[in-house]
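Chemist: With chain A held as given, fit chain B onto it using these hints.
Chains as they are written, first to last, in the working numbering: chain A, 1 to 407; chain B, 1 to 407.
Worth flagging that the hints you see were computed from the coordinates, not collected in a lab. Among the hints, erroneous ones may be present.
What the hints assert, rightly or not - Computed spacing ranges between beta-carbons, pair by pair:
{"id": "1", "chain 1": "A", "residue 1": "Ala26", "chain 2": "B", "residue 2": "Thr287", "range": "25 to 33 Å"}
{"id": "2", "chain 1": "B", "residue 1": "Gly344", "chain 2": "A", "residue 2": "Gly3", "range": "55 to 63 Å"}
{"id": "3", "chain 1": "B", "residue 1": "Thr287", "chain 2": "A", "residue 2": "Asp5", "range": "57 to 65 Å"}
{"id": "4", "chain 1": "B", "residue 1": "Ala116", "chain 2": "A", "residue 2": "Pro366", "range": "14 to 22 Å"}
{"id": "5", "chain 1": "A", "residue 1": "Leu13", "chain 2": "B", "residue 2": "Gly3", "range": "51 to 59 Å"}
{"id": "6", "chain 1": "B", "residue 1": "Thr287", "chain 2": "A", "residue 2": "His378", "range": "54 to 62 Å"}
{"id": "7", "chain 1": "B", "residue 1": "Gln368", "chain 2": "A", "residue 2": "Gly265", "range": "50 to 58 Å"}
{"id": "8", "chain 1": "B", "residue 1": "Pro195", "chain 2": "A", "residue 2": "His126", "range": "25 to 33 Å"}
{"id": "9", "chain 1": "A", "residue 1": "Asn352", "chain 2": "B", "residue 2": "Thr330", "range": "14 to 22 Å"}
{"id": "10", "chain 1": "A", "residue 1": "Asp27", "chain 2": "B", "residue 2": "Gln236", "range": "20 to 28 Å"}
{"id": "11", "chain 1": "B", "residue 1": "Glu144", "chain 2": "A", "residue 2": "Leu13", "range": "38 to 46 Å"}
{"id": "12", "chain 1": "A", "residue 1": "Gly265", "chain 2": "B", "residue 2": "Thr148", "range": "44 to 52 Å"}
{"id": "13", "chain 1": "A", "residue 1": "Asp357", "chain 2": "B", "residue 2": "Gly344", "range": "29 to 37 Å"}
{"id": "14", "chain 1": "B", "residue 1": "Glu21", "chain 2": "A", "residue 2": "Pro100", "range": "55 to 63 Å"}
For every residue, glycine included, the Cβ atom is placed at its ideal position computed from N, Cα and C.
Number of protein chains: 2
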Amino acid sequence: MIGVDEALQQVLLHTTVLGDEQVSLADCVGRHLAHDVLSDMDSPPHDKSMVDGYAVQATDLREDRAELKILEEVTAGAVPTHEVLPGSTTRIMTGAPIPPGADAVVMIERGVMDPARPNHVQLQDHVVRGQHIMPQATVMRTGETVLTAGTRIRPCEVGLLAEVGAADVPVTRVPQVAILSTGNELVPPDVKPGPGMIRNSNGPMLHALATQAAAVPLPLGVAADTPDALEHAVQQGLAADILLLSGGVSAGVLDLVPATLTKLGVQQVFHKVQLKPVKPLWFGVTTETPSPTLVFGLPGNPVSGLVCFELFVRPALQKLQGAPSPQLKTSTAQLLASQQVKGGRETYLPGNMRIQDDQPRVTPVPWQGSADQRAFSHANCLIRFAPRDTRYEQGELVPVVPLFQDP
Amino acid sequence: MIGVDEALQQVLLHTTVLGDEQVSLADCVGRHLAHDVLSDMDSPPHDKSMVDGYAVQATDLREDRAELKILEEVTAGAVPTHEVLPGSTTRIMTGAPIPPGADAVVMIERGVMDPARPNHVQLQDHVVRGQHIMPQATVMRTGETVLTAGTRIRPCEVGLLAEVGAADVPVTRVPQVAILSTGNELVPPDVKPGPGMIRNSNGPMLHALATQAAAVPLPLGVAADTPDALEHAVQQGLAADILLLSGGVSAGVLDLVPATLTKLGVQQVFHKVQLKPVKPLWFGVTTETPSPTLVFGLPGNPVSGLVCFELFVRPALQKLQGAPSPQLKTSTAQLLASQQVKGGRETYLPGNMRIQDDQPRVTPVPWQGSADQRAFSHANCLIRFAPRDTRYEQGELVPVVPLFQDP
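The following block holds chain A by itself, in its conformation from the complex:
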């Protein structure tokens, strides 16, 4: 049995970045850039006004006041047609190009129009040369790299891509995640389970995890515990980038999954991880299908499935999508209640983390074991405990893995 860190290293070792495609600006949020993006222009493209106001020669307001002749009005989208000479001014909008001759802008609120003197304005301001003007290329220059490959596109990156003309955005392809639940005991969520049966909550949960991680879920439903049923469904799943199976990997009578996977050419990388509340985590890869598929055989209970997804599948999805340094995102927090941990395997328990008195603190969520997925509705992180018999005291710093993190 290998440890969590080594298992994750193995998973990432077998994971390669997907190919790329172009999508529109409306569809790119949450995706990862496949290439660097350069600016195709200076920003601003010209010396521009930062305010609505009057473009002037600063020397005209030596005395902090002047009456100037208005040459023209440059509205948004228009360009100045006159040079600003001594004694004159051009009224311009925020963002408009500074007219030739002008070297400062006076805010519109500082100007008073006198009905008796049409086309003139009385300005009152202590003017400094260059005021309210942003020089051309202050923010970026033509040809400069503004976003690098691998960057996850958030709304502010969308605005920047639009500004530099990247209307077709080169992004890494979205991973497809096939989801297959196994087990004769499973009924769909809309059916009342009979004796010995339970509802399939793993399938919908893994579907939601894939959706939330910006992947495309391919639900394959439930396969019965027979070699034929399983083989047929797994074969479909191997068309995806990732195949998540739940159930059928522990040492019980009907654990057919590892045998079926091996038969279909999936090479086992590991079968067990020193990890609570998960032990039988099967991981393998295939190279025979058109593109490689990462296959995770998750335990049958949803809590173990959730923990495996967060520890192994999420970092793999990040790497597939080209995230710069895919890894398990951990931080530390102060434990707000003592916790007894039984050793042997690294243990991940549900916790609720928040900033309190300017420090991250975490409270363990009361939890009935791996069948208790209800506890996780009060959790926002996993608390990691080392693989030994230990009592962790209140106030100790412990590592935490936030749940459902963006890459």
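Modeler: Positioned in the frame of chain A, the structure of chain B alone reads:
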């Protein structure tokens, strides 16, 4: 001019929770529950085995060992048909019901089969009554509330909803966000701007913000600075729950937006907020359209639009969706570099926050003013500075607003 806190209070005062609808488990992640959800069954539904193993009478292993006759094998989905009597055992799978008569389970690894004694197993274990058994209803009881109205549905809630049979999930309707950019100076992102023109980056950015906040964006494109064009587009936008306009709200010549909105029956709530890098934020509501519309007239530059969205529109979207306590989510962090702030208005500057030495710390991101949206690609939060001339020293605690936060 009102302050940020009062402005947000005004926005939320005019915001009411949307109606509800039912969606499938596959579509509910990220949505908010419209009603409480009760469990329709006990969990577990019966005393169940926590491991693959042998159901026994604990007294049979008084000596920590015993050879027992195997009555039957209960695989997943099957139910026991025999009572476990002294001297006998039933082999069961994880999750299977405990057979009548049994009061403990011995893990499968503790059993040895002797080929000479078919249908018998030699068990070796120090058995405690009840071991590896989870009693019926440990996790939840029939009729118990397991999730409350307003809860945001994450993947772990999806699993729980499936478990309790909530296959049709009652959720608050998704808000529709109409997005209208205004300005004669705007060209689409795929066009190279001519003199005086700039690309419309606000539209795509607001589209992405709406998408990322789990709303449905309704892009209305760019309206020219003419009363007719604006009126036509605004009228379309008033069919949505929120209308975001960008540009056209400051005191310049072509700022037609407030006049047009008033003409179309949108009642102004406020026009300016004491806020940098935003001042002319217009907010109003209409009650004449089929359902109320919140109308935000955002400044024309994308950075101001982003700040307004985070401070006002995101909390409004949360309230529309029924989030339990919609508000601006702030925390505090230690400032890693000094920062001079000019007073008059509350100021929000881009920052990069991270946990370092177990404490949240934030570095101001160098920033060229409101035309510099590039700086935000290095930011993950806004740092809030009070409305007065102050130099903030390295090491001071400052309030921060994380960007793009889930509700």
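Chemist: For each hint, tell me whether it holds in the structure or not.
Modeler: Hints, one by one, checked against the model:
| no. | hint | in the structure |
| --- | --- | --- |
| 1 | A:Ala26 <-> B:Thr287: 25 to 33 Å | 31 Å, holds |
| 2 | B:Gly344 <-> A:Gly3: 55 to 63 Å | 57 Å, holds |
| 3 | B:Thr287 <-> A:Asp5: 57 to 65 Å | 58 Å, holds |
| 4 | B:Ala116 <-> A:Pro366: 14 to 22 Å | 48 Å, violated |
| 5 | A:Leu13 <-> B:Gly3: 51 to 59 Å | 54 Å, holds |
| 6 | B:Thr287 <-> A:His378: 54 to 62 Å | 39 Å, violated |
| 7 | B:Gln368 <-> A:Gly265: 50 to 58 Å | 56 Å, holds |
| 8 | B:Pro195 <-> A:His126: 25 to 33 Å | 31 Å, holds |
| 9 | A:Asn352 <-> B:Thr330: 14 to 22 Å | 19 Å, holds |
| 10 | A:Asp27 <-> B:Gln236: 20 to 28 Å | 22 Å, holds |
| 11 | B:Glu144 <-> A:Leu13: 38 to 46 Å | 45 Å, holds |
| 12 | A:Gly265 <-> B:Thr148: 44 to 52 Å | 47 Å, holds |
| 13 | A:Asp357 <-> B:Gly344: 29 to 37 Å | 31 Å, holds |
| 14 | B:Glu21 <-> A:Pro100: 55 to 63 Å | 59 Å, holds |
Against the hints set out earlier in the document, violations occur for numbers 4, 6.
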